[in-house]
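4 protein chains.
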Amino acid sequence: MSEIVIVYHSGYGHTKKVAEAVAAGASAKLVAISDAGELTEADWEVLSAAKTIVFGAPTYMGNSSWQFKKFADATSKVWFVRGWQDKLFAGFTNSASPSGDKALTIESFQVLASQHGGIWISLGAAPSNTKAATTEDTNRLGGSVGLLVQSPADASVDEIPTGDLKTATAFGERIAAVTKRFS
Amino acid sequence: MSEIVIVYHSGYGHTKKVAEAVAAGASAKLVAISDAGELTEADWEVLSAAKTIVFGAPTYMGNSSWQFKKFADATSKVWFVRGWQDKLFAGFTNSASPSGDKALTIESFQVLASQHGGIWISLGAAPSNTKAATTEDTNRLGGSVGLLVQSPADASVDEIPTGDLKTATAFGERIAAVTKRFS
Amino acid sequence: MSEIVIVYHSGYGHTKKVAEAVAAGASAKLVAISDAGELTEADWEVLSAAKTIVFGAPTYMGNSSWQFKKFADATSKVWFVRGWQDKLFAGFTNSASPSGDKALTIESFQVLASQHGGIWISLGAAPSNTKAATTEDTNRLGGSVGLLVQSPADASVDEIPTGDLKTATAFGERIAAVTKRFS
Amino acid sequence: MSEIVIVYHSGYGHTKKVAEAVAAGASAKLVAISDAGELTEADWEVLSAAKTIVFGAPTYMGNSSWQFKKFADATSKVWFVRGWQDKLFAGFTNSASPSGDKALTIESFQVLASQHGGIWISLGAAPSNTKAATTEDTNRLGGSVGLLVQSPADASVDEIPTGDLKTATAFGERIAAVTKRFS
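Chains as they are written, first to last, in numbering that gives the first Met the number 0: chain A, 0 to 182; chain B, 0 to 182; chain C, 0 to 182; chain D, 0 to 182.
Hints may be right or wrong, so weigh each one.
A short, non-exhaustive set of chain B residues, derived as facing chain A with CB atoms under 8 Å [as the list claims (entries may be wrong)]:
1) 23
2) 24
3) 37
4) 59
5) 60
6) 61
7) 62
8) 64
9) 68
10) 69
11) 75
12) 114
13) 135
Computed footprint of chain D on chain B, listed as stretches where at least three residues anywhere in the stretch have a Cβ under 8 Å from a Cβ of chain D [what the hints assert, rightly or not]:
14) 94-108
15) 136-142
If you are wondering where the hints come from, they were derived from the structure by calculation, not from laboratory data. Glycine included, each C-beta is placed from N, C-alpha and C at the ideal position.
With these hints in hand, go ahead and build the complete structure from the sequences.
This is how it looks when you write it as structure tokens:
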């Protein structure tokens, strides 16, 4: 079982690519929520054994995809027995606009983690927000609570800004480092 | 076609009862989201013809039920053509705790309405929050952006606090009054 | 007395410039919150007489500037007598990052308006979020609840992106149009 | 220097009493923000030396008091040099209604902590939300991200619900326990 697990939903592959970039930094296991919003029993056991759970989903209409929310609703069984109490949590989201209400998705992840009695790891990176900033810079969108990624509306999976993917991997490294510091 | 339409999801009947109380005040038509998160084509036409749309859902794990979110995601087709631009919107939610992250559900409704270019009608009622306040008082939970209802975890549909249902009907009346003032 | 009033705080002049751009579109009167977070008695009367109040402030440390908040706290006297009930409201904010927790500032404006029993006018514009989008495009940041402006950390008042100022003026025009429709 | 420091603003003494209850559980040092929103140089040094910082403020008009926000704005100097990176954080708020937009204040604390690169400790307690729940129960309001306290509008400092104060002390104990686990 992995110490860090990323549970995510991806609609068109962009969020999957971001999840992989976070996983590369965190040496994390990936658990994909299906298009029907489901996990397997084995997936639930992987989550149960994790020390740190990372939530990921696209932002659609100003909130996480319904498939992610179906997963979140299903965690109520775990919540009822405080099964994830004191786990570490973090989160990321992706959408077409630089801002575009991504903050609400991240907030909903943070609230979900808090309902489970969790401890939340912020992005932990200063923003790149001078006039000279480009899409190759880390945290160019200015995230704080979690990782924000922008994939323009007509961008293919291979056209996610390189700075956002670098930020994702650095975030994974941070998640691993904080996880190690908790006994 | 009704001028005011309430589109809601109810998991166990409590939110349905709240929806009916709002509808009674607003003379609104009710449209129920199915347990699979679906509407009929006729339902979509009712929403399209409405002047005012009211969102309702239970708060599960700190956000609207996934069935409501599936509906919200499906409105992206309408969003793409700005089909609900300048409609009036309002919202309500129900959960077992007095606070319990209901605020995030209401915020997500407000953001959804805003993505559609909407105009948002707040609850518009002063809170009943003195020491003498009881569950028979209106707006005893102190809502502002939308209507908050508390159904204790072991309360049947017939045990929703009477004050909350009175608040729901008064909210419906307010929605109707504001709707009339828009030409 | 003006029908539409913009009450704003500006720390270094950027938010003032955005306020002026909104005012140009809305034919609105500008009321500036002082560096001590104060308004004059005459300012309060202007707000009292307004049909529509627009809130504006920079986002500092993930929320509106303290000077704006001091103004917000002072509105509790008006709130107590429901003095702004059924007024129309809207809002805008500015910060150095594209996202940068601007959403929380706008949410706090929306909540403040709702506590006063207000009706909220969203930004009402589709985002410009394709690969070809530039800082000259309208709503390039993807705002929805209110107007989002990015002034890079080293940008002078004259270097606010032209697209953001165009969006501000279009938002002002929208606020004026919605105000007219409300009798 | 204390390992855990509570920095708070209290308008009328209620939030001070809650801060003391959290401090009793956490063996924390208390740092009071003045009525002018100021700290002393010594206070800033206490915060700098802390392993865990707990934010506390009343909710006024749907957000933390302006005095707390003035403190938050002043932390931008620390933020600029990443001076609080990887500290632990938590938060609490008090207002007259059970819900009453307390969630936004807590969210703003969580965002502030995240901008500083912090790690957030949730309330970590199941809610008491059955029909039999009283004001003597712990977490009767259903908080998750932080501690929520309700002091009715006409309640003196000695009339804060005992359940809320018990929750505060238990929260302090949790903060101390999590702090110990982080090396």
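Status of the hints after comparison with the structure:
1. Hint on residue 23(B) is violated. Least Cβ distance to chain A is approximately 29 Å, over the 8 Å limit.
2. For residue 24(B), the interface hint is violated, since its Cβ never comes within 8 Å of a Cβ in chain A; the closest pair sits about 27 Å apart.
3. Taking 8 Å as the C-beta contact cut-off toward chain A, the hint placing residue 37(B) at the interface is violated, the least distance being around 11 Å.
4. Interface hint at residue 59(B): satisfied, since its Cβ lies 5 Å from the closest Cβ of chain A, which is below the 8 Å cut-off.
5. The interface hint given for residue 60(B) holds, since its Cβ lies 5 Å from the closest Cβ of chain A, which is under the 8 Å cut-off.
6. At about 4 Å, the closest approach between the beta carbon of residue 61(B) and any beta carbon in chain A falls short of 8 Å, and the interface hint on this residue holds.
7. About 5 Å separates the beta-carbon of residue 62(B) from the nearest beta-carbon of chain A, less than 8 Å, and the hint is met.
8. Of the supplied interface hints, the one on residue 64(B) holds, with its beta-carbon coming within about 7 Å of a beta-carbon of chain A, less than 8 Å.
9. The interface hint given for residue 68(B) is met, as the beta carbon of that residue sits about 4 Å from the closest beta carbon of chain A, less than 8 Å.
10. The interface hint given for residue 69(B) holds, since its Cβ lies 4 Å from the closest Cβ of chain A, which is under the 8 Å cut-off.
11. Interface hint status for residue 75(B): upheld, as the beta-carbon distance to the closest one in chain A is roughly 6 Å, under 8 Å.
12. For residue 114(B), the suggested interface contact is upheld, since its CB lies about 5 Å from the closest CB of chain A, less than 8 Å.
13. Residue-level restraint check for residue 135(B) is violated (minimum Cβ-Cβ distance to chain A is 29 Å; threshold 8 Å).
14. Counting residues of the stretch 94-108 of chain B whose beta-carbon sits less than 8 Å from any beta-carbon of chain D gives 10, enough to reach three: the coverage restraint holds.
15. With a cut-off of 8 Å between beta carbons, the stretch 136-142 of chain B has 4 residues touching chain D; three or more are needed, and the interface restraint holds.
Hint check: violations occur at hints 1, 2, 3, 13; the rest are consistent with the structure.
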